[in-house]
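> Residues per chain are reported as follows:
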Amino acid sequence: MEEPNHNNHEAAGGHHHVTSIGTYAATYVALLVLLVLTFAVSRVDLGAFNIVVALGISAVKTALVVLIFMGVRHNSRLTWFWASIGFVWLILLFLTLGDYVTRQWVHLPLGW
Amino acid sequence: MSLELQHPAVAPQRLSHQFEQIDQQNDSYIVGMWTFLVTEIMFFGALFVALTVYRSVYPDAFEQAHNALNVWLGLTNTFILLTSSFTAAMAVRSKMLGQRALTLVFLGFTILCAFGFLGVKYVEYSAEFREHHFPGPNFQWSQTVSSAPAQGDLAANSQVALGAPKVGVNEFPASYQPQQLELHKRELFFSLYFVMTGLHAFHVIIGICTLSTLWLLIYFKHPVVDDYMPVELAGLYWHFVDIVWIFLYPLVYLIGKQ
Amino acid sequence: MSSIPLNPGAIGTGGRTRARENYLNIKHTVSSWLLTADHKRIAVLYMISISVMFLFGGVAAAGIRIALVRPHDTFFSSETYNKLFSAHGIIMVFFFLVPSIPATLGNFLLPIMIGARDLAFPRLNLLSWYLYMFGAVLVMGAIMFGGIDTGWTFYEPYSSVYSNTNVVAVIVGVFIAGFSSIATGINFLVTVHKMRAPGLTWFRLPLFVWAMYATSIIIVLGTPVVAITLLMVVLERVFGVCVFNPACGGDPILFEHLFWFYSHPAVYIMILPSMGIISEVIACFARKRIFGYEFVAFSSMAIALLGFLVWGHHMFVTGESMYSGMVFSLITFLIAVPSAIKVFNWSATLYKGNVWLTSPLIFAIGFILLFTIGGLTGLFLASLAVDVHLNMTYFVVAHFHYVMVGGAIFGYMAGLHFWWPKITGRMYPEGWAMLSAFIMFIGFNLTFFPQFILGFDGMPRRYHFYPPEFQMWNILSSAGSSVLAVGMVIPGIYFLWSLKYGAFAPNNPWGAKGLEWTIQSPPPSHNFDTVPIVTEDAYAYEAIYAAELAGDYSHVEAPIPYLSTTDKQVSVESPASPNSSEERK
Amino acid sequence: MNFPIMPQTASNYAVSIDDIYFTLVTLTVIFTGIVTLMLLVFSVRYRRGSRVSRKNPSTGNLYMELTWSIIPMLLGLWIYGWSAIPYSRIYGDPPANASEIFLIGKRWMWHFQHANSGIRENNELHLEVGKPVKVTMISQDVIHGFYVPALRLKRDCLPGRYNTVWFRPNKVGKYYLFCSEYCGTNHSEMTGYVYVMSPQDYAQWKANGGSEHLAKTETTVEIGHDLFEKYGCVQCHGDQDNVHGPTMNGIYGSTVRLANGQTLTVDDNFLRTAIINPQAQRIAGWPGVMSGFPVGSGDGQISEENLLDLISYIKSLGNVQQVDTAAAQKVTAKSATVRTSSHNASQATKGQSR
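Residue numbers (numbering that gives the first Met the number 0), protein chains in the order written: chain A, 0 to 111; chain B, 0 to 257; chain C, 0 to 584; chain D, 0 to 353.
It is worth saying that the hints were derived from the structure and are not from the lab. Please read these numbers as outputs of a predicted model, since none were measured by experiment. By construction, the Cβ of each residue, glycine as well, lies at the ideal position given by its N, Cα and C atoms. Do not rely on the hints blindly, as some may be mistaken.
Which chain C residues face chain B? A few, computed with CB under 10 Å, are given here [as the list claims (entries may be wrong)]:
#, residue
1, S215
2, L234
3, G239
4, C247
5, L548
6, G550
7, D551
Derived contacts from chain D toward chain C, CB cut-off under 10 Å, selection only [as the list claims (entries may be wrong)]:
#, residue
8, I4
9, F30
10, I33
11, S57
12, E123
13, N185
14, C232
From just these sequences and the hints, can you work out the full model?
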């Protein structure tokens, strides 16, 4: 899947990078395989792990799309930064769940 | 104020007055697009948070409600989107290399895929409307719910809390029609389902508009699209639409419980 | 500061010669304004629009204060009162405070300060203004014809199920305005990243640019969340979907979580740009480098990042989990540290400076004082147990007005005065400016200080009627608000006056450092004839400092009234050695 | 001319909250004073042209930066810890002898029910001085805020979920009760009074059956008992477990496993959901045959008031005391209607360690 790239222009600073058809095709096939895997795994009851596996596979798929289809692999570090910050920041938003998890906790035993 | 740069392997590009170099301009556009995509991630992210919160609060209702969705249509749509993502990447590549005919073909195929996606979505939505699964006053729920208790639960509960094991449980008929409030929890699921997929479909429609415009511009050889950047940016957007669906499909269609 | 030659615009100290071609006089048609892609013209468009919105918001505020003079007001109905405070909040927050400094001074100055000819995406910038206008017109229409009574927080389920007012129209307006600020944010981020002049490294950036960068990050990461949250309120009202409505199992607290995930950082959207302005003004008029440049720069970033982790402190009493309340409280206390760093560094900058007390500096000092009080009273609200008593009372109202009005607006005024000569090419009357600064400061404190006490007394916010024993404090507050109003009307008058009658502004009236002062006033439409090459840090005031101590004020190009006779006196002692950037480490 | 600077102090929290408050006021004055002094002195002393020594102007100093970062941070952490303690008490578990009051907020009034005496009152709450009280609150429509400044007490009154707060009024008097969360047109008129009475007065008030026509002689437990029979709960949830459902005897405070695998403690919110929407949290081992009673006033529906009555009846049926011996001794000393705090403590540590 990670083929060497034949059309690498050093002078272009990475912006005019042209990825080979083979790489795109391999990525596409990999994505389809992962899709089938997502589906297959979800039909098996793994309890709480179902969602973990599903999210894991989705993350891999996303990484493939972002790095290869969207070409971030060859972009500047700045693009890397912005491509990742959205996903990182989403984690902060998910801290909301902390409220819901701890609401079930009983109160501190400090009654006077 | 614009000047043309001829790069060995890529299409010519024009430089806007505020930029000094073509690389600076290209990188600005890509970073700008990514910054925009970050806002889109946060936009959908809030919905995913809501979905996760409610799923953890009402695991059973969500489990049952999600069973009403058509997994196969969802799978088809995922396939369509992944394919369109591939062709979009190819379209950008051909545009970069200045292969106009190929660009038109790949771009056209991407647009077709997008229409295909919306078609499948239409089939899904109309089925859900027919079954009154659209939230609001007409919402109905007719699926029967299995209520046979599991033996494992029985054993566990007798240990955890209530003392004596229960008798005669299995004799009870499993026919239960959920009442109004229970129905609402499902309505909650379908609210989120419609908001999320609807918003995604809206993004697909925007994508179709953008890609079609580009297709026409390229077809009529408009100078705006001499440069490959517009196609590249539209491609980034389209891939993002794909990414949203990559998460949406398993979390909404496939996994009911946490 | 740079190798480019100075553009001799209006030469000399406020000469009567008309400035040569600039962004203002290059074209005069209406369409040249409405279809402009020039960041400076867009900034001016924004400035006019937000001033109008500020006026509307101010009228609503006046209505509130009139109603609260008497404990059982009969001048307005409760419905009207509720619509007034909602209109005040929505207009001021979404249509004045959020776009105020970024869209006006930021838009105007950011490209110039980094030596760029324009923002990275000029047409997106214009689109941002149109989105803003569209949202503003929609919201104003909805407020004029029927109004809205949810308050600016749109709390569920009141906003989605119970309110019978124009919630949908207003939320759609706010939603659209949100995209306008997202467009601005994206533009600024890319511009700062990609378009800095050669030699302008990150640690040579003016602190205003740092502040705009931090602000843009918050805008880009936060605004979409509130946009989708408010959109869901609209969907609940229009289509009957239910996401937050407790009648079908929804959780109104989740709405609050998502709302405050943006709306708390939004407070920093409003205050960070002001902090940037204060850094510029203080450094300029103290004739010194800003004390602890890196600390001030990083504290902006720290505030921007930590600001995203404290949203839950608005919800200590709502039924949020006690444990998450404790975590949010802890982080809120930590965020006080970067704010303290800023305040102390500004104060320390004045130490051993050659302080020129002009109206921008007086506004800046007012800012620091009011922001200190506003920030410290924030700690009352961050303290869990104290917040149980103070939350949702007038203490909160007083606190955020100290930060928003005392902070954001004083900062905006400081910046407006500081850069007014650059933007319009005219000087404003300095005496009147000083007078208005003092009136605003006094009026502001008279208005909002009593509200701290009212809050501790237990008067809840958004109350039309209140127990009679609170009346005297309310009368004080209302009296103060009229003083404050006078203080705000005066600048409006003299700024307009100066456009026609003010002395022509020289290129660098204050003898300030920074690329914007090297070009003519008002700037030419392309900003720079040649790309400037930056060779020094921002705030390299050493030479000016030394010259002034030696009695040389030739770098100050301001017209005569700005220089008093004492300024020509010579200081006996000269500095031993102006510290260079190496020694600072 | 009346310039009040603070409300009366009439609860066990008032003094500790005021202590923190005035400490913060002191710190604010000190810091604002320092900043004001620095700004004024520097800008006057070093004003343009003044003949003062300006030797070695400094533009940065790491130690000073550290000083003014670390000192405020330590002060902040101190205040944080100090204020977290009363907070965890206000929203924490009430003492065992706390009497329970149910509060229903609706636009625009407050409705109170005294669980033990059954007395109901609108916009007024009569309490006995020195007796701890637990208020369980819910709203029928939008979010309200239960706020009594003299008690330094505030809690949002949410629709669809119980919130609780407890306090001990310790000074006789009449205090304002406000709605602190904006709730619509007459938000500012959703006010009332809390009367804290001496034991004698309170006893007399109680003997008179309250002060209003709303007074009832039945306790909420008795009403709940009647409802329990009226709604037919008793058929499936009687003295013994039967095929249809678990007995309510001793269920309050116990830990149950749900059909979906979750483990929950049976508390007010659990019971509320179980009554209006039993399917949402079906206890493992029973068929989900109960249909539930939606909240409302129609046929087959149940009002918020009656929900609270039912819950207080179920509570009165006792709770499970399956805890370690040390805690068990404590439990015997306490009223059976209150969850044991040590039981909860073990739960809390379990929750945290996970």
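> Taking the earlier hints as the rules, which of them does this structure contradict?
Numbers 5, 6, 7, 12, 14, in rising order.
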